[in-house]
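Starting from the known structure of chain A, fit chain B onto it as the hints suggest.
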Amino acid sequence: MMINVNPTRMELTNLKRKLVTARRGHKLLKDKRDELMRRFLELVRENKLLRRAVEKGISQANAHMSVARSVMSDKTLDVALMLPTQEMSLEVTEQNVMSVLIPHFDTKLKTADENDIYSYGFAFTSSDLDVAVKALSDIMPQMFRLAEVEKSCQLMAAEIEKTRRRVNALEHVMIPQYEETIKYITMKLDENERSTTTRLMKVKDMMLSKEHNYI
Amino acid sequence: MYKIAAIGDKDSIYGFASLGLSIFPVDDPQAAIKTIRKIVDGGFAVIYITELLASQITAELDRYRELPLPVIVPIPGVKGNTGLGMKSVSKSVEQAVGSDIFSDT
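From first to last, the protein sequence lines stand for chains A and B. For the first sequence, our numbering begins at 13 and goes up steadily by one. For the second sequence, our numbering begins at 71 and goes up steadily by one.
Read the hints as simulated data drawn from the structure, not as lab findings. Treat the numbers as computed from the prediction; the structure is a model and nothing was measured. Take every hint as true, because none was put in to throw you off.
Straight-line distance between alpha carbons at most 27 Å, and here's what the computed BS3-like set of lysine-lysine pairs gives: (1) B:149 <-> A:87; (2) B:80 <-> A:120; (3) B:73 <-> B:104; (4) A:44 <-> A:174.
This is chain A alone, in the form it adopts within the complex:
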């Protein structure tokens, strides 16, 4: 595999410059890939732990919710949860990790008291509902962190894949190609030089023999 170029000195200089750039790019991208991978693996570990905790918390809450549903009529439950007092919103900031923009969430609550999660009076509802709502509220911070981490993992995975392809393309295609072409041009130029020298020697011989009547 070689680039199809004219074997000239100018091409040689250009190619040498390109090779230097390719080598530097390769080194940088390799570093980027390694650092991304290190952070990615850290995040994935956290992601797995968080997911396990959140899934456990939600299924517990769901279990309590099922009990609440069975003790209370559907209508009472609907009414209890119809008008939430609390409203959550997110402030999203972006963080730049090795040129991957990962989101960071800050939660904002509408009411000052973060325990203000019960949108109903306690008279007509089952205590299981309270437990269910409390359980959900307890894992909420973890759920936000999970959203953050999971997105980061997805974005980083995509970036790692891209970077890895670039590194491989440079390492196994571009750089060998340049090296081979440079070698080809150098050989060709050397060959030209040698042929010029021999030609000159031959011409000199011919001229000498003509002057002095050598052999």
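What follows is chain B alone, placed relative to chain A:
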């Protein structure tokens, strides 16, 4: 300022309403796709979706995988849990590393 949504069957997501999340009770996959498209434009940054529903519309969810926002997180619902959430983590690992090196842990 972004909002948070929960999508899925009513029983699974009702509890989130009292915490201040916007809930969208949907059972049908087609309706879910429509809802997601609608709320993505409506300023929602995080969308929690039940695994049952998410497993029916994976193609749609993959579209949002590589966008910075929204974040779509599968969560277990009351029924039909498929382990999709964990699978999606493994998918990321496979994409980045080439094989799922965390599968046993």
